[in-house]
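Participant: Spelled out from the first residue to the last, the chains are:
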Amino acid sequence: MEAITTDFDLYLKGFGLTVGLFVASGIASLVFGALLAAARVGPISVLAKASAAYVTLFRNTPLLMIFIFIAIAMPRIGFTFNFVEEIRVGDWNISGFFFRACLALTLYTSAFVCEAFRSGINAVPIGQAEAARALGLTFGQNMTNIVMPQALRAVVPPLTSVQIALAKNTSVAAAFGIAEATATMRLLGNRYGDQTVEIFFFIAVGYIIIVEIVALGSYALERRWKAAAR
Amino acid sequence: MSASVLFDTPGPKARRRHRIFTIVSLLLLVGFLVLVVMRLNDRGQLEYALWEPFLTPAYLEVILEALLKTLQMAFGAILLAIVFGVVFGIAKLSDHRIVRAPAWLVVEFFRAVPVLLLMTFFWLAFSIGGGPLSPFWCVVIALTLYNGSVLAEVLRAGINAVPPGQAEAAYAIGMRKSQVIWLIQLPQAVKIMLPALISQCVVALKDTSLGFYITAPGLTAVMRPIYLEFQNQVPTAIVIASIYIIVNLLLTGLATYLQHKLVGEKKQLDVPMVGGVDSGRAV
Chain A
0 MEAITTDFDL YLKGFGLTVG LFVASGIASL VFGALLAAAR VGPISVLAKA
50 SAAYVTLFRN TPLLMIFIFI AIAMPRIGFT FNFVEEIRVG DWNISGFFFR
100 ACLALTLYTS AFVCEAFRSG INAVPIGQAE AARALGLTFG QNMTNIVMPQ
150 ALRAVVPPLT SVQIALAKNT SVAAAFGIAE ATATMRLLGN RYGDQTVEIF
200 FFIAVGYIII VEIVALGSYA LERRWKAAAR
Chain B
0 MSASVLFDTP GPKARRRHRI FTIVSLLLLV GFLVLVVMRL NDRGQLEYAL
50 WEPFLTPAYL EVILEALLKT LQMAFGAILL AIVFGVVFGI AKLSDHRIVR
100 APAWLVVEFF RAVPVLLLMT FFWLAFSIGG GPLSPFWCVV IALTLYNGSV
150 LAEVLRAGIN AVPPGQAEAA YAIGMRKSQV IWLIQLPQAV KIMLPALISQ
200 CVVALKDTSL GFYITAPGLT AVMRPIYLEF QNQVPTAIVI ASIYIIVNLL
250 LTGLATYLQH KLVGEKKQLD VPMVGGVDSG RAV
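Note that the protein sequences, when read in sequence, are chains A and B. With numbering that gives the first Met the number 0 applied, the first sequence corresponds to residues 0 to 229, in that order. With numbering that gives the first Met the number 0 applied, the second sequence corresponds to residues 0 to 282, in that order.
Worth flagging that the hints you see were computed from the coordinates, not collected in a lab. Please note that a few of the clues may not be correct.
Computed list of lysine-lysine pairs in DSS-like fashion (alpha-carbon distance at most 30 Å, straight line) [to be verified]:
{"hint": "1", "chain 1": "B", "residue 1": "260", "chain 2": "A", "residue 2": "48"}
{"hint": "2", "chain 1": "B", "residue 1": "12", "chain 2": "B", "residue 2": "68"}
{"hint": "3", "chain 1": "B", "residue 1": "176", "chain 2": "B", "residue 2": "190"}
{"hint": "4", "chain 1": "A", "residue 1": "48", "chain 2": "B", "residue 2": "12"}
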């Protein structure tokens with residue numbers, strides 16, 4: 000118990016980094032994943048194929064291998080991404096480790112985000128768009144009034160699953176020099192060898208809280224958007 | 000391109016525009032690939048010496064052995080996870096809250112906690128400093144608990160996906176609860192669940208790579224000595240990643256085949272996400 004109480008600042012710092020990684024790569028993966036999905040369902044078959052290839056490649060590679068590419072292989076060909084350390088906001092700056100971890104998490108998660116968006120668009124019955132066209136709605140009206148509202152509603156559950164997986168996947172950054180929650184457990188476990196179970200329990204509770212917040216947020220959205228669905 | 004929700008069949012003008020976009024994007028993609036290859040070449044990453052270990056029988060043997068260890072960990076974990084999943088999946092469907100609630104708690108806990116955290120915990124608690132478990136078993140146990148919990152949820156969803164008339168008919172001809180589950184619902188649910196089960200094999204296989212953090216054997220563990228000896232980080236990463244991708248694609252292919260064969264084009268199994276408040280049971 001005292002392992003957590005005496006080193007509570009380490010615990011908080013660890014989860015601060017976990018949340019930071021989650022939020023940064025969560026937003027980046029939503030943006031990149033949406034671009035991939037747009038290419039995937041768009042009319043240009045070259046882009047659709049390239050996006051499909053990206054998804055297949057990154058979904059079947061373990062996240063740890065992507066981390067190895069970014070953190071160990073890329074520096075060999077001159078990409079360390081350490082230039083981000085030059086960027087300063089006040090007296091706060093991003094470390095190269097943090098940026099590389101976000102990059103790896105984003106590249107990996109985007110593939111899943113793309114699939115979630117695509118399944119959302121596929122969930123809209125084709126008759127909806129056909130009826131809208133038959134009524135004379137323009138492409139823009141069709142998208143904003145008919146297709147997107149329905150697709151967005153269908154995309155919330157799979158997207159939430161992907162983001163929850165991302166929150167848990169931030170733990171992989173522990174193996175690449177980031178003192179986030181899992182690395183903190185290893186550190187505290189080495190320091191207080193007799194209290195591993197308590198330390199594990201407290202770190203696990205931290206992750207569960209993050210997961211619950213995301214899940215409850217998604218339920219709230221789902222309930223709000225349920226409206227006239229079914 | 001056949002009918003799409005998003006756009007009409009393109010006319011002559013749109014087709015011309017699409018052709019221009021196609022050419023531009025093709026050029027961009029090819030340009031990107033050429034840049035990558037040029038960069039690799041500039042930094043001497045395409046030299047034969049760096050790739051030689053992957054053509055040397057002795058090293059290939061080491062890599063194959065590592066692949067075998069990885070597969071052992073993945074399939075060992077999946078087999079144990081199936082047992083775990085059946086026990087907890089059925090417990091979650093129980094009529095008695097006293098059985099249902101602990102099963103729900105266990106399943107939710109292991110689904111919400113990162114696998115790497117579980118692995119590190121077992122490693123710290125039972126392996127490091129002469130504990131009874133080898134890192135190999137730490138990986139297997141952590142993967143069993145996580146994948147088992149997911150499979151428990153898959154099983155529950157699978158049983159719930161069996162039309163309720165089946166269970167009602169079974170009750171009507173006088174079967175007991177356990178008979179209904181084992182003889183009527185489970186055999187039909189297995190068919191629906193099989194693709195999801197194989198996708199879970201892919202997840203387990205990918206997660207064995209996390210053994211890297213706790214010095215467990217496997218493909219990712221064998222990388223470090225190779226790239227430290229030859230300084231060939233890029234070729235090593237490419238080769239090992241390719242092995243993972245090939246094995247996973249084979250498994251995915253199997254899952255798709257089974258999906259077509261057993262379930263047809265029907266919608267895939269809908270497994271609720273973690274963190275759900277609902278612990279509902281079958282009809």
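Participant: Against this structure, judge whether each hint is valid.
Facilitator: Hint by hint, here is what the structure shows:
At most 30 Å may separate the alpha-carbon atoms for a hinted pair to count; residue 260/B and residue 48/A meet this at roughly 26 Å. Distance restraint check for residue 12/B and residue 68/B: the Cα-Cα separation of roughly 57 Å exceeds the 30 Å cut-off, and the hinted pair is therefore not satisfied. Only pairs whose Cα atoms come within 30 Å are accepted, and residue 176/B paired with residue 190/B is accepted, the gap being roughly 21 Å. Taken as a hint, the residue 48/A and residue 12/B pair is honoured in the structure, with Cα atoms around 23 Å apart against an allowance of 30 Å.
Hint 2 alone, counting from the list given before, is not met by this structure.
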